[in-house]
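Chemist: All chains, please: the whole structure from these sequences, using the hints.
Residue numbers (my numbering), protein chains in the order written: chain A, 12 to 208; chain Y, 72 to 556; chain W, 525 to 595.
Treat the hints as calculated values from the structure; they're not laboratory data. A virtual CB, placed ideally from N, CA and C, is assigned to each residue, including glycine. Hints are supplied without guarantee of correctness; some may be wrong.
[Said to hold, decoys possible] To give a feel for the contact side, a few chain Y residues facing chain A, derived at Cβ under 8 Å:
(1) Ile73
(2) Ala75
(3) Ile78
(4) Leu83
(5) Asn85
(6) Phe86
(7) Leu116
(8) Ala147
(9) Thr256
(10) Asp497
(11) Asn524
[Said to hold, decoys possible] Calculated lysine to aspartate or glutamate pairs in the EDC-like style (CA-CA distance at most 16 Å, straight line):
(12) A:Lys34 to W:Asp541
(13) A:Lys103 to Y:Glu93
(14) Y:Lys186 to Y:Glu111
(15) Y:Lys237 to Y:Glu269
(16) Y:Lys94 to Y:Glu111
(17) A:Lys99 to Y:Asp142
(18) Y:Lys139 to Y:Glu128
(19) Y:Lys315 to Y:Glu269
(20) Y:Lys532 to A:Asp46
(21) Y:Lys90 to A:Glu87
(22) Y:Lys299 to Y:Asp285
(23) Y:Lys501 to Y:Asp490
(24) A:Lys69 to W:Glu582
(25) A:Lys103 to Y:Asp490
(26) Y:Lys529 to Y:Asp292
(27) Y:Lys230 to Y:Glu260
(28) Y:Lys81 to A:Glu95
(29) Y:Lys200 to Y:Glu379
(30) Y:Lys529 to Y:Glu424
(31) Y:Lys342 to Y:Asp390
(32) Y:Lys529 to A:Asp46
(33) Y:Lys90 to A:Glu106
(34) Y:Lys418 to Y:Glu152
(35) Y:Lys321 to Y:Glu269
(36) Y:Lys418 to Y:Glu552
(37) Y:Lys113 to Y:Asp142
(38) A:Lys13 to A:Glu81
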Amino acid sequence: MKTSVDTKNNSVTFSVSTKIYPKEVVYKACYVFIDRMYILLDIPGKNRDVISVTLKGKTTLTKKGIGKLEGEFMNELLNSLVRENVSKRNRKVLEQIVGGAMGAALGVSDPNAGETGDIFQAEAGRDEAKEIEAAVEALRRELEAIDTEDDYEKDMLGIRTVVAESAVLDGADSPKVAKPKTKAAKQSQKKSHAKKK
Amino acid sequence: MISAAKIRYKNLANFRFTKLGEKYLLTTDTGRWVFLSEGEFKGFLEGTLPRKAPLYERLVADGFIRTKDSDVSEQASRYLELNASLAQGPSLFIFVLTLQCNHRCLYCQVTPEKKGAEGFDMSRETAKKSVDLAFRSPSRHIGIEFQGGEPLLNWSVLKYVVKYAKAVNKTAGRELKISLVTNLTLMDEEKLAFLIREGVSIGCSFDGPDYVHDRNRICLDGKGGSYKPVVKSVKKVQDALALKKLRTKKGFVDNLNAILTTTRFSLPYPKEIVDEYLARGFDNIFIRPLSPFGLQRQTIDIIGYTAEEFIAFYEKALDYVLELNLAGTPFVERNAALALKRILKYKDASYYEMRSLCGAGIGQLAFNYDGKVYTCDEGRMADRMGHENFRLGAVRSERYDDVIDNEVTRTMCLGSSLDNQAGCADCVYKPYCGICPLANFIEYGTIFPQIPNTDRHKINKALFDYLFTKLQDEKYGRVFESWLA
Amino acid sequence: MPKRSDTILRLPRALYDPRLVEAAATEFAEVAEIAVVRRGNHTEVAIAGTGDGTVPSEFANYALFLTIQSR
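Modeler: As structure tokens, this is what we get:
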């Protein structure tokens, strides 16, 4: 079947032999173009080894542009053939690689994993799990007894003083840390600013 | 001209390829990559490359060519290194402390409630059970991330979670990291002092100059955009962190980081936005496109754009960032840096959006304010929109095993496996890329959309095309390496 | 009886999965009147009143996409 360019329909039709490019390879190539072309596949005659491919531009193309579609598709067909064959021949090796990687990971991912390597801890009692839960419960009771409301007052890193409105870091060796202003000091500063204006 | 009949498959290991510019880019499942000229690619396929040539040896060492000495266990180790987070169990736990918010950002993914709305806060009891469930993960790393609404509006429970998680971790002995995502407008001295002292990392949204930020991020107090209070808070937080760094002899003190959500208003100003970040003392930016959740569905006509428009904006921003770096100003674009960790270091960046399988249910979980558990943060956002398909259960009633070993989790794994998506399985960027099945479901009504037609595919492909094109020039390679140092 | 402005697509069963052609027709029912008939080695799809529009091409693409995706 010869290539046929249909400028009225903005399309080109050509044939592909599935003896050279199996159906899966034709599909792969179609998938690459499916977002920017309309594609129609057919089996034109009695010979089921020949697929006709019609590519139609989604935007209006020149005759040259339509003709180029076939070349692009055939290039992609070759690429897809290589991909399909490489993938087929390496499938088992890839399974070994991925399986080996995940198997190694499951063996070390859980420091508390049981002998079966089960990565999900069982609900039902392991002594170690019960001990951990008891320790956590004790910590929780201790925590609830702590009044967290006065943490701000402790201000152990002096953050409160840094973020006060007038704090300035001068970028030198050691930062100047402004002391929190008293109400009187603030009022005095306002008067001083007013004078400068 | 490559001839199909001359290809010698026997010695070709599993690789993927594409033509990028004048050269062929090849990648392996372990993340290794190489550029070959047309002649080299032909020689590689036909098995005619000289055996003693450095190129042949490199192709063998990187796993493109199979020989009788090829070591499957070494390839397995490399694969594990690139995909380490897949095997460790959930390590990121989103705590949605409240749905209340004092903003109405045009692109908000959450569909928030107004500040003061009742019944939308996480209780201490729910928080405790959520922490307990999180620590049942087998992962060495436990990351707790506070989200909302605006998480600072549930301050007492935030503090409780920090304290309780640390108490639990005294016995559990994991690598615990706690972070907060906030709009910063409610940050006061008390809160900042607590967060700094407890080592909680702080992240915020910052959309650039006021003429962009204020159009996107609107305060509900009637004062318009939030640029001014955010900039003020940014300075306070950065000053406090600088002081902590000076006083901290050991240990890591995280910077204040910011995310840019790109809207139509951002598109004309890639350079100005980066400059604004620099002016505000940031040394990095995370540029992200819109995602199809929440309020964005209602405002898309105002703030939306095509994938092509976003790509043009993003490339201009990246070009400018690279220019700054080459001129001696270190500045990182974090989205690209996450991809580059996989590309240049062959290591897992633990970034669930760029991973096959994505993190839904197996890398992260989201604990909603009402105690419901979801596959991920997007899962609870989808529920807010009326799609409860991504709910795994509730903290009150579920065992850990039932939450994880769940048909929803399995479905998300199927939907995010690049091997299951036509086109992705053969894509040269497969070792570095990922899919969000939730976003696909919301946007296209299926977790198996026509991938080449999706905006996310176009954007990801453009990013990888950009990075690999730049990597052909050594000077950009050095900049990228510096981002990962 | 198909009208003159209808389009008839004849999709080979060896290339387009008939079940997925029917699934595509169900989805496209919102935009066009579609009738699907299995006829010998083909699935015939009649799309009503489409004239010179793009619906038939979009439908064929979608049916192909579903077939490829299912493999």
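Chemist: Are A:Lys103 and Y:Glu93 close enough, with their CA atoms no more than 16 Å apart?
Modeler: Status violated; Cα separation ~33 Å.
Chemist: Would you check the hint for A:Lys99 and Y:Asp142, treating anything up to 16 Å between C-alpha atoms as holding?
Modeler: Violated - the C-alpha atoms of Y:Asp142 and A:Lys99 are around 20 Å apart, more than 16 Å.
Chemist: Does Y:Asp497 pass the interface hint, meaning its C-beta sits closer than 8 Å to a C-beta of chain A?
Modeler: holds (5 Å)
Chemist: Straight-line Cα separation of A:Lys34 and W:Asp541 no greater than 16 Å?
Modeler: holds (13 Å)
Chemist: Going by Cβ atoms only, is Y:Ile78 closer than 8 Å to chain A?
Modeler: Since the shortest Cβ distance to chain A is 6 Å, the answer is holds.
Chemist: Against the 16 Å threshold, does the CA-CA distance of A:Lys103 and Y:Asp490 hold or violate the hint?
Modeler: holds (15 Å)
Chemist: Taking 16 Å as the top limit, are the C-alpha atoms of A:Lys69 and W:Glu582 close enough?
Modeler: holds (10 Å)
Chemist: Would the pair Y:Lys529 and Y:Glu424 pass a check requiring their Cα atoms to be no farther apart than 16 Å?
Modeler: With a Cα-Cα distance of about 15 Å, the restraint between Y:Lys529 and Y:Glu424 holds, given a limit of 16 Å.
Chemist: Just to be careful, I want the Cα atoms of Y:Lys529 and Y:Asp292 compared with a cutoff of 16 Å; is the pair within it?
Modeler: Distance of about 39 Å is beyond 16 Å: violated.
Chemist: Sort out whether Y:Glu260 lies within 16 Å of Y:Lys230, counting only the CA atoms.
Modeler: holds (15 Å)
Chemist: Between Y:Lys139 and Y:Glu128, is the straight-line Cα distance small enough, at 16 Å or below?
Modeler: holds (14 Å)
Chemist: Does A:Glu87 lie within 16 Å of Y:Lys90 when you go C-alpha to C-alpha?
Modeler: holds (11 Å)
The structure fails hints 9, 13, 14, 17, 26, 29, 33 and 37 (numbered hints given earlier, in ascending order).
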